[in-house]
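Keeping their order, the protein sequence lines are chains A and B. Note that numbering that gives the first Met the number 0 numbers the first sequence so that position 194 is 193, with each residue one more than the last. Note that numbering that gives the first Met the number 0 numbers the second sequence so that position 192 is 191, with each residue one more than the last.
Be a bit skeptical, because a hint or two may be false.
[Claimed, not checked] Which chain A residues face chain B? A few, computed with CB under 7 Å, are given here:
no.	residue
1	Leu108
2	Asn109
3	Pro137
4	Leu141
5	Phe143
[Unchecked claim] Calculated pairs, PhoX-like style, for lysine-lysine (alpha carbon to alpha carbon, straight line, at most 20 Å):
no.	chain 1	residue 1	chain 2	residue 2
6	B	Lys53	B	Lys146
7	A	Lys114	B	Lys228
8	A	Lys118	B	Lys146
9	B	Lys234	A	Lys136
10	A	Lys136	B	Lys146
It should be emphasised that the hints constitute simulated quantities derived from the structure, not laboratory data. Remember, it's a predicted structure, so these values are computed and weren't measured experimentally. Positions of the beta carbon are idealized from the N, C-alpha and C atoms, including for glycine.
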Amino acid sequence: MAAFILETEAVEYVYPDGTQALRKIDMAVAKGQKVAILGSNGAGKSTLFLHLNGILRPAGGKIRYDGREVVYNAAGLRELRTRVGIVFQDPDSQLFSASVLQEISFGPLNLGLEKREVKERVLKAMSETEIEDLADKPTHMLSFGQKKRVAIADILAMMPEVIIFDEPTAWLDPRHAREFMQLLDHLAAAGRTIIISTHDVDIAYAWADNILIMNHGQIVASGVPTEVFRHPDSIIAADLALPWLVEMHGELMRRDWLRPDAPLPRSKEALFASLGGHDKGKITAGTTGTVLRVLP
Amino acid sequence: MFDLDTYAYTNRWIKIHPLEKFVFALATMLVCLISPSVVVVGAVLLLMTVASTKGAGTPVGQFFRFMMIPFSFILTGVLTIAFSVSHDPGGFLFGFTFGSITVGASQANLMKAGFIFFKSLGAVSCLYFLSLTTPVLEVISVLRKLKAPSLFLELMGLVYRFIFVLMDTTALIRMSQTSRLGYVSAKNTFRSLSQLISSLFVRSFHRAGELATALTARNYTGEIRTLEKEYPVSKRNYAVILGIELGLLLLNFT
Ligand SMILES: Nc1ncnc2c1ncn2[C@@H]1O[C@H](COP(=O)(O)OP(=O)(O)OP(=O)(O)O)[C@@H](O)[C@H]1O
Ligand SMILES: [Mg+2]
């Protein structure tokens, strides 16, 4: 088995109208990893994703799946698309059917599976995305977030090894966004490789094993979350914000309220734990100010 | 039309096999069209009204409002049957004479026109019954079972889905135009409307491209195959339908 399940090497892409959307993209994703691609609007995230599933063919450079270069013929693309699934940014351009059942069964049937197995997969995908109660509703009567979950179920039912989500949490309410991130963790724990794109630096920072930062069609920074955000310049240059945990950590360091060797926290619990002081009972939501007051 | 769509998904007979509703609607329509007796036509109208309202749960007032939509359309259609042109004003019940020509209605023609009018309404009520109880996709799946060409059916399904996507887009564009005073004067309205239409055209084009991409990403190779909902088949329902149609046919001989 290859070290990386998905690799790109100096991938370039120019849209027919002359927009240079990708410039020398080098990325490598290990099997089972959770990868977040951060980038502002127009950075090239969606364009990169279309390459990873063989919809677009790079103008220059190479794409490898499981160590082998992608073959751009019917059989090669079929194989790539069976292994790499994409959930698109806008569910209205992904959902082709007015029926949720028809919609989700389309992908698995294209894999040539038995009807019985397809039905099982559809039911499983629907329960994973909590849309069982929407089964009898036509897709045009669903809310945007519900359509988004149908679009996610579309791909889950195909059970690809790598699942790419373009802006999965945009438009989801906080509860469904949180549950969705948990679903991603389950999928990753089951051995699936997950790639998401997002503008939400906090989600990416807390969730990802690996972060890539894109700007103007280039990858300007990459690495584990605690490393990537140590150099704020490239983040700010890419029109992104720093995760609040990183900013808070920096500020606390500057004021000497944290030990200089305190590691960058990945969750608010970790940050609170490294604060020291006494725990005077549970702090309710929205009162982070009181935390600061118990400090020396 | 969009109300019809909503009723189709929320009616009480949604769980009944679509083929049964399809057979019921079409068989009744056929009986209505071939029957020479006005009693049968009246019975069909009554039957479909009761089935759609008492049975499937469409509010009665709403059902009549739907029936009024084709009313004037059918009326103008049958006027051409009621009135004829002749040089001899003798046979007409009433008429208008222009020089040597008389345009008028004879009793026989009036009867014929009235009968055709009711027959059309009867046929329309059958189609309404189907539209009010059976979602479009289920009608398509019935047509698929009846071996209609699959390209045609796929197109129907896609058109149906994208009517709503385009409707949403239209509403959004209109709203944004209205909020920028796009429709305050005749001149603004005209300009806004033309921009709305052209941008809808461009977006449809764009949507089609995006859809093709999304389908390709799921290994689409030119044929849309999907699972369809399964319904219990009821022999009893078919027996009831057969009974009703035979009963209607027998009414011709009363
Ligand atoms: N079909 C197209 N034709 C021409 N240019 C395009 C096309 N699609 C995208 N682009 C351009 O390519 C660049 C990258 O676009 P892309 O959609 O990949 O960005 P993105 O990172 O996904 O942005 P967002 O966060 O807004 O989704 C942009 O400058 C965009 O204008
Ligand atoms: Mg995008």
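These are the hints, each one checked on the structure:
Checking A/Leu108 against chain B by beta carbon gives a least distance of about 5 Å; that is within 7 Å, so the hint holds. Annotation: interface hint on A/Asn109 holds; nearest CB of chain B at approximately 4 Å, less than 7 Å. A hinted interface residue such as A/Pro137 counts as satisfied when its beta carbon comes closer than 7 Å to some beta carbon of chain B; here the least separation is about 6 Å, so the hint holds. At about 10 Å, the closest approach between the beta carbon of A/Leu141 and any beta carbon in chain B exceeds 7 Å, and the interface hint on this residue is violated.
Annotation: interface hint on A/Phe143 violated; nearest CB of chain B at approximately 10 Å, more than 7 Å. Distance restraint check for B/Lys53 and B/Lys146: the Cα-Cα separation of roughly 33 Å exceeds the 20 Å cut-off, and the hinted pair is therefore not satisfied. For a cut-off of 20 Å, the pair hint linking A/Lys114 to B/Lys228 stands: about 12 Å separates their Cα positions. For the hint linking A/Lys118 to B/Lys146, the alpha-carbon distance of about 23 Å lies beyond 20 Å, and the restraint is violated.
For the hint pairing B/Lys234 with A/Lys136, the CA-to-CA distance comes to about 27 Å; that exceeds 20 Å, so the pair is violated. At most 20 Å may separate the alpha-carbon atoms for a hinted pair to count; A/Lys136 and B/Lys146 exceed this at roughly 26 Å.
Checked against the numbered hints given earlier, this structure breaks hints 4, 5, 6, 8, 9 and 10; the rest are met.
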